[in-house]
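Enquirer: The lines below spell out each chain.
Protein chains: 4
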Amino acid sequence: MRRLRMGMIGGGPGSFIGPVHRIAAELDREIELVAGVFSSDAGRSRAAGESYRIDPARAYSDLPAMLAAEKARGDGIDFVTIVSPNHHHLPAARAALEAGIPVMSDKPATATLAEAKELAGIVRRAGLPYALTYTYSGYPLVREARARIAAGALGVIRKVVVEYPQGWLSGAAEGKQAEWRVDPARAGEGGCIGDIGVHAFQLAEFVTGLRVTELLADLGTVVPGRLLDDDCSVLLRFENGARGVLLASQIEVGELNGLRIRAYGDKGGLVWRQEEPNTLTLHSLDGGTEIVRAGTVLLGPDAAARTRTPGGHPEGYLEAFANLYRDFAGLLRGAPAPLLPGIEDGLRGMAFIATAVAASRDRAGWVPFDI
Amino acid sequence: MRRLRMGMIGGGPGSFIGPVHRIAAELDREIELVAGVFSSDAGRSRAAGESYRIDPARAYSDLPAMLAAEKARGDGIDFVTIVSPNHHHLPAARAALEAGIPVMSDKPATATLAEAKELAGIVRRAGLPYALTYTYSGYPLVREARARIAAGALGVIRKVVVEYPQGWLSGAAEGKQAEWRVDPARAGEGGCIGDIGVHAFQLAEFVTGLRVTELLADLGTVVPGRLLDDDCSVLLRFENGARGVLLASQIEVGELNGLRIRAYGDKGGLVWRQEEPNTLTLHSLDGGTEIVRAGTVLLGPDAAARTRTPGGHPEGYLEAFANLYRDFAGLLRGAPAPLLPGIEDGLRGMAFIATAVAASRDRAGWVPFDI
Amino acid sequence: MRRLRMGMIGGGPGSFIGPVHRIAAELDREIELVAGVFSSDAGRSRAAGESYRIDPARAYSDLPAMLAAEKARGDGIDFVTIVSPNHHHLPAARAALEAGIPVMSDKPATATLAEAKELAGIVRRAGLPYALTYTYSGYPLVREARARIAAGALGVIRKVVVEYPQGWLSGAAEGKQAEWRVDPARAGEGGCIGDIGVHAFQLAEFVTGLRVTELLADLGTVVPGRLLDDDCSVLLRFENGARGVLLASQIEVGELNGLRIRAYGDKGGLVWRQEEPNTLTLHSLDGGTEIVRAGTVLLGPDAAARTRTPGGHPEGYLEAFANLYRDFAGLLRGAPAPLLPGIEDGLRGMAFIATAVAASRDRAGWVPFDI
Amino acid sequence: MRRLRMGMIGGGPGSFIGPVHRIAAELDREIELVAGVFSSDAGRSRAAGESYRIDPARAYSDLPAMLAAEKARGDGIDFVTIVSPNHHHLPAARAALEAGIPVMSDKPATATLAEAKELAGIVRRAGLPYALTYTYSGYPLVREARARIAAGALGVIRKVVVEYPQGWLSGAAEGKQAEWRVDPARAGEGGCIGDIGVHAFQLAEFVTGLRVTELLADLGTVVPGRLLDDDCSVLLRFENGARGVLLASQIEVGELNGLRIRAYGDKGGLVWRQEEPNTLTLHSLDGGTEIVRAGTVLLGPDAAARTRTPGGHPEGYLEAFANLYRDFAGLLRGAPAPLLPGIEDGLRGMAFIATAVAASRDRAGWVPFDI
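Residue numbers (the UniProt record's numbering), protein chains in the order written: chain A, 1 to 371; chain B, 1 to 371; chain C, 1 to 371; chain D, 1 to 371.
Hints listed in this document are in silico derivations from the structure and should not be mistaken for laboratory results.
Check the hints yourself; a few may be wrong.
One copy or two, it doesn't matter: identical chains are merged, so the pair holds either way.
Pairs of lysine to any residue residues, derived as SDA-like cross-links and limited to a Cα-Cα distance of at most 20 Å, are as follows [what the hints assert, rightly or not]:
{"hint": "1", "residue 1": "Lys176", "residue 2": "Ile291"}
{"hint": "2", "residue 1": "Lys267", "residue 2": "Ile291"}
{"hint": "3", "residue 1": "Lys267", "residue 2": "Arg226"}
{"hint": "4", "residue 1": "Lys176", "residue 2": "Ala47"}
{"hint": "5", "residue 1": "Lys176", "residue 2": "Val297"}
{"hint": "6", "residue 1": "Lys267", "residue 2": "Ala172"}
{"hint": "7", "residue 1": "Lys267", "residue 2": "Thr221"}
{"hint": "8", "residue 1": "Lys267", "residue 2": "Glu290"}
{"hint": "9", "residue 1": "Lys71", "residue 2": "Glu98"}
{"hint": "10", "residue 1": "Lys267", "residue 2": "Ala178"}
{"hint": "11", "residue 1": "Lys267", "residue 2": "Glu174"}
{"hint": "12", "residue 1": "Lys176", "residue 2": "Ala150"}
{"hint": "13", "residue 1": "Lys176", "residue 2": "Thr296"}
{"hint": "14", "residue 1": "Lys117", "residue 2": "Asp362"}
{"hint": "15", "residue 1": "Lys71", "residue 2": "Asp28"}
{"hint": "16", "residue 1": "Lys117", "residue 2": "Arg211"}
What you are looking at is a predicted structure, and each value in this text was computed from that prediction instead of being measured.
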């Protein structure tokens, strides 16, 4: 069974996430990067292609050109992955899907909710695989957390706290990674809420299996002169009445990537932390605490199947990312991938951003959330 | 210099906090429990007196009786400590102060804000020492956190997150400790917000040296049939514009007493956690992280003076509690105790509870906070 | 039931352990410090007596004088506690026991094994309570660890690793605490091995319920000019054939008081760490890990009875110490205290020190250990 | 610049380490697996080739055949990687090197010291790159630890403690991974000492930059019926007189892969733990503790260059492994790789195993260590 061939959109010189997608896609040897529009500047795209060690002829600087040229080859790309800033997501996905090419996309789905709705229509009409790299849902112990909750280990969920503290935008936003994230023209309507708040939102729904139905948002811009939010507090209600808190910040000095989720039901509680991803803590009503560790026989089938090393040999962010590509490769080959985030998750995420931004701006208090 | 003589109000059979106050008060041998109205039931008070090993004649069942009898003795009590449920705080403090006896009181100051205002007048008129055992402000590393922030280590504070998760009221509230806390007649208008939320509030103001000026509260009652709140989310604004989040819950299964405070400024951040109280984590803008440990020479004078053991010999809750009694003993002997919580802190705490309860009930959104 | 009256031997100005014994003894209000020979210098003893706030007339500077004077009082001391450097232990204990006064003593029992043997005879002849404050065996979760092993939770013990790293003697040994510990005339034949290695030894036997029968010792003197050992590696065999490792050091820079014990059997393993004393980690063969936390209902009766606060309200070193005094008070009142270390443990400890010192000096390899 | 082409020896169906090498080698896209003798059984080798998605024609079952066939191709392999059990290492490396093919090999170098000496001669004569995957030396923060010590951050090293606890061989050794490790015919003369003790040994020398010159070994066989050691305690002396302890065990139930190293000098100390590999703890003499985190600007150039994600996005075992392949690829392209373990390290490792096994068997006490 041959490797699937991937074309990358974005990921040019200086990109953080381009190489991450490349590593993740190839980790299980089901996928191979063979082409890309790494930059709209031909020289830069060529340089990136060299750094990825692909055939120089397949480092394009124009998406329609790549789609056409690859279609013409016997060994052309099987799908594209979109890793450029948010405002590129819609046009890139549209072009690919309309050319009959499946799409893997970095999150969030688009730059605005309106774009996401448009994209949803395109995906529906195309009838092609489309998925989103909500990375954190690829961690084995996040899968385990979801499975345990689904199996009733916590009883009825009553409370969810999801936090995503970072500190790297505490000062002026300098450098390629920072600049576009604080620029409404490229990031879209959300700053912190769109960059990491949406991860927290997706994780909360993913782990609990519950949908948010109401929210109250307080987004702030702490760093002087910044145009988008950089510190977010959002209160949540879930469909079953459970209460929730979602905190995200990019000005909490010293926090690196401290995503953490805690869920509590009437029978138990659980805690997972991204910076120590290989353990899951489970609490029971009698005060007992169990630590579930990756690589042990205590993992359920979903988590076990997404673990590549024995217990105690830490896996991390790249492996979690790779788990999403593994699911996507399966999807392309015809296997179901029910936990792989798709356009519906993309729509929910964009609606979350739009709703939170508007509700906060209007000091609207509790507002319904639906999409 | 003789030990100060303490009379206890409350703390009868089955009390958790009575023995804690006794141990804390006596730990440094500056204070001695000699009398008490441990219960209004004479037999129960006598039994408690025996368990405390005090002179049986000084185990009273009536507060006026104790105040009169002790006044008549040459070796009568120097102050009372009030450890009974909230609704007793005002009448007990009033009786003592009006009899010329200083008061140490468990928090919160009273059961309602109106009572607190009345008490403030009484304290002012009496001109006698009155203090509140906001225990967590007695931890050496909380003092250190406060001192570091006051010295500018974090720069201008921008964000404060204080969380106080517990899980012990996840089920039916059974037992002496639980029952009164969920009963409005004894606890007052706040449940979780008054029991632990107010600790978190005091800690946030104490550590940062900043006052809350605005808040948005969402208090919930999760356990069916409960009359008071048991899960609280409160957003804060501080006087300098800093943003804040205060979370408190008593239904987060498996959480024991997970009070944690994090503060972030434009130059640094810090984290302190009550369940590992002997370390303080400091973050700097360059990603550097310093762990300050109790008992090392790195502690400032305030924290160092409140540490009884060398580094690595853990101190805990009882010692933190004792630090408040040490400050109070100093106050009685004429020394200043600027960091010991007093009636102003009591008023602010009760105003916090009242404001949060009302704002949440009315879904009022952001409301000003002042007292 | 009145409080037992304690006389202290040692604990003068600058003492660390004197105040610790005082706090620990009095914590449960079963015992009261009323007298002491805090120093052989009358002025210093008086100053210490003042700092302890005892009757100035009962701050003696001569042990026979104290024993005689206290005997003559109606409210004389019920026992003495010996907290002076090691070389005082034997003469002080002998004088007290021969005067009919029970003895609580800091560890190790004496300065040399020969002294310990002499003391054992005295204790036996006196027929009076004698106990040793091997503090760490007073921690509730150490009691829990012992109980779990005794109940077979780990199966047959195969391996024990006990480590006691400190760093405070990495440089010149300055200050009251350091000076006597590095002086053979006061500390005895062991340096680090006698100060902390013996704690590790006692803890290993206490937790496992197994006796060491053979050892191989490598003691080193790392700091130039020092006369006693400051870094110890000892291999152990237990009576059932289990293998053991005991490490103790006072030159591991940055380590505060990192005592840790791990025990492994054919069915499970456990880990306890003194610097986070309120949790006990249990491992099972299937890779499962349980965290047992102080103050939860999961504790057995022995540990539960030695816990004063609810879960999440940390107890520490002073409370563990107090648990030994609680046991000792019980003993004086006629209750059994089977887990309180006594003269047999003292003898074993001194034999451990002597055997390790000799075996290391002689590069003797494995030597039998018995007493 | 094209990818280097790798042929694998070993790594057939059921192999744990084969896929790990494949992922690690390819992670940076400098290397590509193209061929292999995955098994000496043709069907099994073909099946493995399919699982790796390589050209079926290049899944060989005979090493000479692979070497010949690949040499004949224009796109033949650039090097082999040896991932089979220890007893295959020498013959496989010999065949490759004699065919002019560079070798990457799993550790330990060979099954016996005699073999290692033979191999050293072969490598020297061949004049071709040969390296060993001592994985743990590839972790960025291990590199940082080494760099800090080399720069004098700890002063003169006095003490090193390296521990490698595992528990997975606590019971009967079942399954492909376990079976060969407990079989002298395949593992060689060391069990636990050769499987993981040698990792600890290499890490200690790597991090400190100091060579072991003397050792005392106590290897035990705990599980009944086992032929090789499964629990090891080794005392060390380093060339500068520093004292050391090396512990390794495979019967410590519940320990997964708890490799930990601590080094202490006269100015500071450091701690690194493999299961939380993205932090390094540094202690200074004043009790200060600094946590150095991967992905921050505080890392030196060597560690920074071996980090692929920003701080807080955990990297783990596979990425550490990949760092060794990155160094090896550089070596093949002509760049220096001074920290990549080579045949000298292999010889030292085998001498360590042989010396420890013999010294323990003979109860020889301290023995010199040299190679």
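Enquirer: With 20 Å as the alpha-carbon cut-off, assign the pair Lys117 and Arg211 to within, between, both or neither.
Expert: within (19 Å within a copy, 44 Å between copies)
Enquirer: For Lys71 vs Glu98, is the C-alpha pair at or below 20 Å within one copy, between two copies, both, or neither?
Expert: Intra 13 Å, inter 46 Å, cutoff 20 Å: intra-copy only.
Enquirer: 20 Å Cα cut-off: does Lys267 pair with Thr221 within a copy, between copies, both or neither?
Expert: So Lys267 and Thr221 pass the 20 Å test across copies only (17 Å; inside, 39 Å).
Enquirer: Should Lys176 paired with Ile291 be assigned to within, between, both, or neither, using CA atoms and 20 Å as the limit?
Expert: neither (39 Å within a copy, 27 Å between copies)
Enquirer: Could you place Lys267 and Ala178 in one of the four classes (within, between, both, neither) given a Cα distance threshold of 20 Å?
Expert: Intra 42 Å, inter 19 Å, cutoff 20 Å: inter-copy only.
Enquirer: What label fits Lys71 with Asp28 when the C-alpha limit is 20 Å: within, between, both, or neither?
Expert: Classified as neither: same-chain Cα gap 25 Å, cross-chain 28 Å, threshold 20 Å.
Enquirer: For Lys176 vs Ala47, is the C-alpha pair at or below 20 Å within one copy, between two copies, both, or neither?
Expert: Classified as within: same-chain Cα gap 17 Å, cross-chain 45 Å, threshold 20 Å.
Enquirer: Measure nothing new, just compare the shortest in-copy and cross-copy C-alpha distances for Lys117 and Asp362 to 20 Å and report within, between, both or neither.
Expert: For Lys117 and Asp362, neither the intra-copy (23 Å) nor the inter-copy (35 Å) Cα distance is at most 20 Å.
Enquirer: Please work out whether the CA atoms of Lys267 and Arg226 approach to 20 Å or closer within one copy, between two copies, in both situations, or in neither?
Expert: between (44 Å within a copy, 18 Å between copies)
Enquirer: Should Lys176 paired with Val297 be assigned to within, between, both, or neither, using CA atoms and 20 Å as the limit?
Expert: Result: close only across copies, 16 Å inter versus 43 Å intra.
Enquirer: State whether the alpha carbon distance between Lys267 and Glu290 is at most 20 Å within one copy, between copies, both, or neither.
Expert: both (14 Å within a copy, 17 Å between copies)
Enquirer: With identical chains, the pair Lys267 and Ala172 could be close in the same copy or across copies; at 20 Å between alpha carbons, which is it: within, between, both, or neither?
Expert: between (46 Å within a copy, 13 Å between copies)
Hint check: violations occur at hints 1, 12, 14 and 15; the rest are consistent with the structure.
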